[in-house]
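Engineer: Using the UniProt record's numbering, the first residue of the sequence shown is number 1, and each one after it goes up by one.
Worth flagging that the hints you see were computed from the coordinates, not collected in a lab. Any given hint could turn out to be false.
[Said to hold, decoys possible] Distance windows between CB atoms, simulated: (1) P125 <-> P278: 28 to 38 Å; (2) P7 <-> E253: 22 to 32 Å; (3) K213 <-> T263: 26 to 36 Å; (4) R149 <-> P243: 26 to 36 Å; (5) A146 <-> R210: 31 to 41 Å; (6) K154 <-> S31: 47 to 57 Å; (7) A257 <-> L28: 33 to 43 Å.
[Said to hold, decoys possible] Pairs of lysine-lysine, DSBU-like flavour, derived with a Cα cap of 35 Å: (8) K16 <-> K182; (9) K182 <-> K154; (10) K182 <-> K82; (11) K154 <-> K16; (12) K121 <-> K154; (13) K16 <-> K82; (14) K121 <-> K82; (15) K121 <-> K16; (16) K121 <-> K182; (17) K154 <-> K82; (18) K182 <-> K213; (19) K16 <-> K213.
The C-beta atom is built at its ideal place from N, Cα and C for all residues, glycine as well.
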Amino acid sequence: MTDTPIPGWTLERLHKGYGQALEETEVLYDSQTDHQRLRVFENPRFGRVMTLDGVVQVTEADNFIYHEMLTHVPILAHGAAKRVLIIGGGDGGMAREALRHPSVESVTMVEIDAGVVEFCKTYLPGISQGAFDDPRLNLVIDDGAAFMRNTDQKFDVIVVDSTDPIGPGEVLFTDTFYGHAKRALTQDGILVTQNGVPFVQGEELTNSMRAFKALFADWGCYMATVPTYAGGPMAFGWGTDGPGRTVALDELEARFAAAAIQTDYYTPEIHRAAFALPGYVRRLMP
1 MTDTPIPGWT LERLHKGYGQ ALEETEVLYD SQTDHQRLRV FENPRFGRVM TLDGVVQVTE
61 ADNFIYHEML THVPILAHGA AKRVLIIGGG DGGMAREALR HPSVESVTMV EIDAGVVEFC
121 KTYLPGISQG AFDDPRLNLV IDDGAAFMRN TDQKFDVIVV DSTDPIGPGE VLFTDTFYGH
181 AKRALTQDGI LVTQNGVPFV QGEELTNSMR AFKALFADWG CYMATVPTYA GGPMAFGWGT
241 DGPGRTVALD ELEARFAAAA IQTDYYTPEI HRAAFALPGY VRRLMP
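Could you put together the complete structure from these sequences and hints?
Structural biologist: What follows is the structure, given as structure tokens:
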């Protein structure tokens with residue numbers, strides 16, 4: 001749901017009784033695709049901003065937090081990830097970060113809307129930074145739930161970079177989808193998911209965690225604060241039957257150094273600390 005409180009501004013009202021306003025100094029793109037309404041505009045604080053159906057998906061300024069935490073945490077926790085699957089991620093930012101790991105041999109990215117990919121290549125090239133041209137990337141235009149249900153491939157890390165559980169993204173928050181995702185993991189594989197902002201989307205997190213608890217030996221979530229994902233820190237779902245969460249700090253530091261990756265948010269210390277949950281989030285765990 002969107003509104004214009006004053007000329008030149010857009011108001012996101014994803015959550016009941018709460019919203020965020022962003023100034024639009026220039027609208028670069030505004031079009032309805034087969035699946036959703038796509039817009040890109042310039043903002044003096046966040047640079048180019050992309051919205052889907054009026055909800056902020058990515059900005060040039062703060063996307064690094066989200067993308068680094070959903071890729072580097074599971075890849076470095078795994079320690080030997082070669083095959084990565086991304087569900088969603090049409091802006092290319094998740095692929096960008098996953099492909100920075102020299103140990104990653106292939107990244108399969110499944111995006112439901114080809115229009116989003118082409119749009120982002122044209123209007124937000126700084127997000128993907130050439131990821132779509134990397135020969136290790138396999139871009140599949142398909143429904144993520146259908147792909148997960150039908151695939152016979154196995155992946156070391158699966159990243160669900162979904163929109164919120166409304167519209168096309170709703171099916172990616174179901175017990176059945178998570179079950180199919182677990183089947184597609186290797187023995188010590190790790191599943192991570194976008195699980196919204198617990199302060200205003202607590203039920204969403206609880207429902208996902210109930211499914212994770214039934215599926216994985218080690219389940220839960222970790223957190224990071226992304227300024228334009230309004231309402232407080234975001235939760236990222238975590239599920240594995242492997243030892244990923246127990247990796248010691250010195251081992252994470254060694255893996256991070258070996259990868260030779262320059263990050264703006266992720267550090268091994270942040271990696272470990274992100275799993276420490278505030279009380280209100282702990283109480284959302286089933």
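Engineer: Looking at the structure, which of the earlier hints fail to hold?
Structural biologist: Those not satisfied are hints 2, 5, 6, 11, 13.
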